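There are 2 protein chains.
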Amino acid sequence: MRQSTYLVPTLRDVPSDADIASHRLMLRAGLIRQSAAGVYSFLPIGTKVLRNIEAIVREEMDAKGAQELLMPAIQPAELWQESGRWEAYGSELMRIKDRHNRDFALGPTHEEVVTALLKADVKSYKKLPMNVYQIQAKYRDERRPRFGVLRSREFLMKDAYTFDTSFEGLDKQYEAMYDAYTKIFQRCGLDFRAVVADSGAMGGKDTHEFMVLSDVGEDTIAYSDESDFAANIEIAPVNVQYERADEEQQPLQTVDTPNVKTIEEVASYLQTSEDQLIKSLLFIVDERPVLVLVRGDHEVNDVKVKHVTDGQSVELATEEETKRYIGTTPGFVGPIGVSEEVKVLADHAVEVLVNAVCGANETDKHHKNVNPERDFSGVQYDDLRTIQEGDPSPDGKGTIQFREGIEVGHVFKLGTRYSEALGATFLDENGSDKPMVMGSYGIGVSRTLAAIIEQHHDDQGIIWPASVAPFDVHLICVQTKDDEQRQLAESLYSQLQGAGLDVLLDDRKERPGVKFNDADLLGLPIRITVGKKASEGIVELKVRKSGEMDEIASDECIEVIQERLAHL
Amino acid sequence: MRQSTYLVPTLRDVPSDADIASHRLMLRAGLIRQSAAGVYSFLPIGTKVLRNIEAIVREEMDAKGAQELLMPAIQPAELWQESGRWEAYGSELMRIKDRHNRDFALGPTHEEVVTALLKADVKSYKKLPMNVYQIQAKYRDERRPRFGVLRSREFLMKDAYTFDTSFEGLDKQYEAMYDAYTKIFQRCGLDFRAVVADSGAMGGKDTHEFMVLSDVGEDTIAYSDESDFAANIEIAPVNVQYERADEEQQPLQTVDTPNVKTIEEVASYLQTSEDQLIKSLLFIVDERPVLVLVRGDHEVNDVKVKHVTDGQSVELATEEETKRYIGTTPGFVGPIGVSEEVKVLADHAVEVLVNAVCGANETDKHHKNVNPERDFSGVQYDDLRTIQEGDPSPDGKGTIQFREGIEVGHVFKLGTRYSEALGATFLDENGSDKPMVMGSYGIGVSRTLAAIIEQHHDDQGIIWPASVAPFDVHLICVQTKDDEQRQLAESLYSQLQGAGLDVLLDDRKERPGVKFNDADLLGLPIRITVGKKASEGIVELKVRKSGEMDEIASDECIEVIQERLAHL
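Those protein sequences? They're chains A and B, same order as listed. Under UniProt numbering, think of the first position of the first sequence as 1, with each following residue one higher. Under UniProt numbering, think of the first position of the second sequence as 1, with each following residue one higher.
Treat the hints with care, as some may be off.
Stated by the list, open to error - With a straight-line Cα cutoff of 30 Å, these simulated BS3-like cross-link-like pairs (lysine-lysine) come out:
1) K172(A) - K64(B)
2) K481(B) - K509(A)
3) K64(B) - K126(B)
Unchecked claim - Covered stretches of chain B (chain A as the covering partner; in silico rule of three or more C-beta atoms under 8 Å from a C-beta of chain A):
4) 44-52
5) 113-124
6) 207-213
As the list claims (entries may be wrong) - Examples of chain A residues lying across from chain B (beta carbon under 8 Å, computed):
7) S4
8) T5
9) R12
10) D13
11) Y40
12) P44
13) A63
14) K64
15) E68
16) A88
17) A120
18) V300
19) V303
20) V305
21) H307
22) V308
The hints are simulated quantities; they were obtained by calculation from the structure and are not laboratory data. Just so it is clear, the structure is predicted and the values come from calculations on it, not from any experiment. Where is the CB? At the ideal position from N, CA and C, for every residue including glycine.
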């Protein structure tokens with residue numbers, strides 16, 4: 001491709017609204033342009049990388065026997081009503097009415113459509129297991145689209161769905177997809193972790209997120225410094241054997257704590273440490289009050305509260321609700337003497353406290369010398385807090401560290417959630433009707449592109465892994481007015497293409513500095529510069545990743561390039 | 001791919017709602033399933049054919065230096081308002097509101113988005129010419145979706161846009177795209193014509209439709225039986241030198257024609273022929289009355305009326321409007337004595353009539369012995385009728401014939417319609433600002449698939465051209481319970497795949513008749529049957545297209561298949 005008429009508009013300045021590296025570089029290197037908030041066009045060089053990632057995805061999916069299909073983006077509302085997600089999905093679901101005023105969803109995912117499809121055409125165990133996938137634009141009306149294509153409203157996704165006769169079959173397919181995803185992200189040159197995650201609104205159990213480790217990201221990953229344990233902190237279990245302090249229990253006391261509300265203020269006012277305090281937070285779980293206790297230096301994990309209570313909706317109580325159920329204002333809430341209407345849950349760390357402090361359910365008052373085993377009644381203890389850096393790893397090996405992560409893939413065991421709701425059954429070997437056992441698997445293709453840049457760049461620009469690079473070689477003609485340089489560049493352009501290399505020829509009438517800066521910005525693996533030594537048949541080869549430069553004979557170019565590419 | 005777990009649900013019965021061959025066969029052979037009216041899923045075998053067509057499209061587009069990009073399907077309403085199409089496109093444009101109540105269109109085409117894109121990033125003549133394209137789902141809320149994917153509401157399209165500094169440049173790019181389209185449809189095995197067409201709502205001049213000749217279709221093509229002239233009958237010019245009858249003019253007469261209204265009734269009642277009658281139809285063109293006269297055996301072409309009057313909207317007048325402007329009811333309308341407010345246009349064929357008949361603008365009365373050159377005043381003569389079978393070809397060579405056509409491609413010269421509306425200008429060599437000169441080019445990818453089937457099938461099923469076939473070979477194991485047959489089939493399956501052939505292995509436990517019928521229905525170019533002679537190493541080869549069958553040694557399979565495929 002000739003750069004002179006190629007739509008790759010590089011920008012010298014950093015766009016002001018882009019605050020992460022991949023977003024800045026995708027704009028500066030002319031990969032994307034914004035069309036509306038969270039809606040982007042991929043320019044040719046961005047599109048080439050998307051196609052390369054898609055090809056890797058297809059190869060690894062096909063290798064597992066998955067079948068590519070193509071479902072429509074506009075989906076009848078009836079299917080979403082049957083599954084119950086028409087309401088549940090909320091305002092992230094883009095909705096559309098056709099000319100007959102019928103409701104449709106713009107698909108954020110395709111569980112309903114694919115289940116209806118297989119329900120109609122797969123009736124017998126003989127056709128199962130089956131794994132179908134597609135690569136397609138998806139829609140999610142994000143409240144705050146940001147980070148460029150990392151969180152956009154229209155994005156490219158590979159979604160796959162498996163159908164089995166049994167949960168054992170599902171386990172196997174889940175393993176196969178887990179393996180395919182591992183290979184895909186490895187081939188994309190990504191440093192990632194498969195982390196245990198919450199299944200959220202998808203309605204399944206057993207789920208892993210494939211997280212690209214990064215300095216930015218919307219998820220925090222807790223991982224062990226000594227094992228391969230990794231989990232989203234939303235879900236990471238805490239596995240600590242707390243020990244009871246060897247101290248005598250003192251009589252319970254009520255003390256004045258005028259206008260002293262936060263954990264920090266209480267600890268300081270009562271001259272004790274935060275880990276001697278009990279934090280009491282009132283939640284409303286499916287319209288019922290639930291008081292949750294954790295140690296003062298810990299944080300309540302509402303995903304765990306949701307699981308322990310088997311609740312659908314978990315919200316922190318308002319001040320008004322706190323008054324109604326507890327009789328005091330937040331800041332002075334505690335578990336002693338609350339009405340039976342309020343369920344009390346406490347984290348394991350609370351159970352072993354001796355002579356601790358908690359709110360007294362009266363404005364400006366706290367209890368001192370609180371001993372849960374003596375003073376609390378009807379409390380259910382469980383793992384309710386968020387894991388912290390420095391905690392022992394739940395698998396017993398090593399210590400927990402945190403990293404930010406970009407979610408590029410997600411594998412779910414759905415079970416029969418959708419097949420039961422939509423009636424997708426099959427006849428088993430004994431002729432009885434059973435719901436299909438399903439799995440769901442997604443890869444954010446456009447997001448993977450951004451994640452690759454997030455991990456592969458320097459101050460000068462992008463550094464593409466050869467596996468997904470938009471071109472193999474950036475061939476630069478320093479002086480297009482110089483006949484010898486131009487002729488050698490043109491001749492190399494033909495030769496390299498003839499050898500199967502994908503080449504971007506910088507044939508622009510620009511200053512050499514502009515060309516070299518653009519080459520670093522675009523980040524193709526190999527740069528070949530045809531300059532002053534063209535008359536001697538000598539060109540310069542630069543490896544973008546290492547910065548290593550060599551002068552080589554132009555007639556050795558192909559060999560040397562192929563050899564270098566094999567290691568990039 | 002193993003058919004036992006492949007999602008290719010063949011149907012024995014003809015679906016009742018499918019009334020054309022391609023729609024029936026796409027349902028029966030398991031290529032598509034309907035998800036809502038005009039909204040389809042492509043199952044794996046349909047998706048494979050789409051991908052094959054896409055690959056051909058990409059190769060031919062890339063060969064012309066076109067650059068692939070990917071624009072979003074959701075498009076800001078502001079862009080459509082700037083171009084004036086937000087209103088003009090009417091209810092076929094699917095509209096969507098986001099969570100902030102902002103309006104978006106679901107793109108039926110991308111002139112606005114691509115123009116805005118190039119406006120922002122291409123400022124100089126040095127970057128031009130440029131040709132960008134994408135392959136993407138498009139949306140059109142058809143009033144009557146029908147014929148399966150031939151007229152659906154979500155469909156796959158390749159759309160391309162060219163940008164030039166001059167109209168001469170546009171002409172060159174138009175030629176290049178015309179040539180690419182010709183190659184694409186040839187490679188898809190289609191019998192088609194590039195026909196001159198009306199540019200409709202696209203707002204350009206010079207446009208060709210690529211029409212696949214067919215027995216069904218929504219367009220009628222007029223073509224010459226002796227030259228390559230072909231045009232949509234909407235637009236085909238009539239180039240006939242009418243001769244005046246050698247007859248004496250008689251005095252104008254008014255006769256009673258009680259309740260005699262239609263051309264047929266009048267001709268019969270007055271014992272004359274239809275070609276001696278003048279048909280007078282009142283139209284409302286942009287709110288002004290226009291009376292159009294054609295010969296009784298001809299039809300008014302309203303596209304021509306639109307062009308001749310330079311009108312935006314051309315509608316046949318209602319009975320009420322006819323009364324208001326002419327003073328009589330339709331059936332008795334004529335040009336003699338109409339008020340000056342009514343513009344009168346007549347087709348060339350009317351001008352030469354001698355002693356003809358027309359309505360007398362009075363209920364139950366007609367004029368006889370009408371001689372336009374004597375009796376009419378203020379009439380403008382032009383080409384206003386639709387071409388007919390038997391007319392001489394407008395290029396002077398041969399006679400016009402009609403065929404139905406399926407539009408699979410369309411090339412337009414847009415000129416500066418969009419660049420001026422959206423302000424997409426460039427600096428020319430002299431530093432002055434000029435609007436880019438644009439072209440727009442579309443291929444219906446999913447529609448092309450249906451058109452291929454429409455031209456390549458028989459009573460048994462589809463007959464895929466090898467270039468787009470979902471698999472090269474259908475390998476059938478007649479008795480899967482027979483060890484020798486199964487082993488030979490499995491061994492051939494590996495060998496053929498190893499030789500780069502794409503093979504569908506029928507490993508189902510079905511009766512041989514079912515397998516053979518499905519093979520004919522699916523229509524893969526070559527069928528290899530492993531049956532009773534497996535023990536002798538002999539298999540049967542059948543060419544789907546010709547029906548030709550041979551027994552061959554299994555170890556010669558690869559060679560023979562490759563040789564046959566080269567001719568299919």
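Here is how each hint holds up against the structure:
For the given pair, K172(A) sits about 47 Å from K64(B) by alpha-carbon distance, which is inconsistent with the 30 Å threshold. A hinted pair counts as satisfied when its Cα atoms are at most 30 Å apart, and K481(B) with K509(A) does not qualify at roughly 71 Å. Restraint check: the Cα-Cα separation between K64(B) and K126(B) comes to about 19 Å, which is no more than 30 Å; the hinted pair holds. For the stretch 44-52 of chain B, the proposed coverage by chain A is satisfied: 6 residues have a C-beta within less than 8 Å of a C-beta in that chain, meeting the threshold of three.
Taking a C-beta to C-beta cut-off of 8 Å, the stretch 113-124 of chain B contributes 7 residues in contact with chain A, enough for the three needed, and the coverage statement holds. Interface restraint, the stretch 207-213 of chain B with chain A: violated (0 residues with C-beta to C-beta distance below 8 Å; minimum three). Interface restraint check: S4(A) against chain B, minimum CB-CB distance 7 Å, threshold 8 Å, status holds. The criterion of a C-beta within 8 Å of any C-beta in chain B is met by T5(A), whose closest approach is roughly 6 Å, and the hint holds.
Given the 8 Å rule on beta carbons, the hint for R12(A) is violated: about 14 Å separates it from the nearest Cβ of chain B. Annotation: D13(A) was flagged as interfacial toward chain B, and the flag is violated, the nearest CB pair being 14 Å apart, outside 8 Å. Evaluation of the Y40(A) hint against chain B yields a held restraint, the C-beta minimum of about 7 Å falling below 8 Å. Among the interface hints, the one on P44(A) holds; its C-beta lies about 4 Å from the nearest C-beta in chain B, closer than the 8 Å criterion.
Given the 8 Å rule on beta carbons, the hint for A63(A) is violated: about 13 Å separates it from the nearest Cβ of chain B. For K64(A), the interface hint is violated, since its Cβ never comes within 8 Å of a Cβ in chain B; the closest pair sits about 12 Å apart. For the restraint placing E68(A) at the interface with chain B, the shortest Cβ-Cβ distance is roughly 5 Å, inside the 8 Å limit, so the hint holds. Checking A88(A) against chain B: minimum C-beta separation of about 16 Å lies over 8 Å; hint violated.
Satisfaction of the interface hint for A120(A) is found here, the shortest Cβ-Cβ separation to chain B being roughly 7 Å, below the 8 Å cut-off. Taking 8 Å as the C-beta cut-off, the interface hint given for V300(A) is violated, the closest approach to chain B being about 29 Å. At a threshold of 8 Å, the smallest CB-CB gap from V303(A) to chain B is about 25 Å, leaving the interface hint violated. The closest approach between the C-beta of V305(A) and any C-beta of chain B is roughly 28 Å, which is over the 8 Å cut-off, so the hint fails.
Among the interface hints, the one on H307(A) is violated; its C-beta lies about 29 Å from the nearest C-beta in chain B, farther than the 8 Å criterion. Given hint, V308(A) at the interface with chain B, is violated; its Cβ is 32 Å from that chain's nearest Cβ, farther than 8 Å.
The structure fails hints 1, 2, 6, 9, 10, 13, 14, 16, 18, 19, 20, 21 and 22 (numbered hints given earlier, in ascending order).
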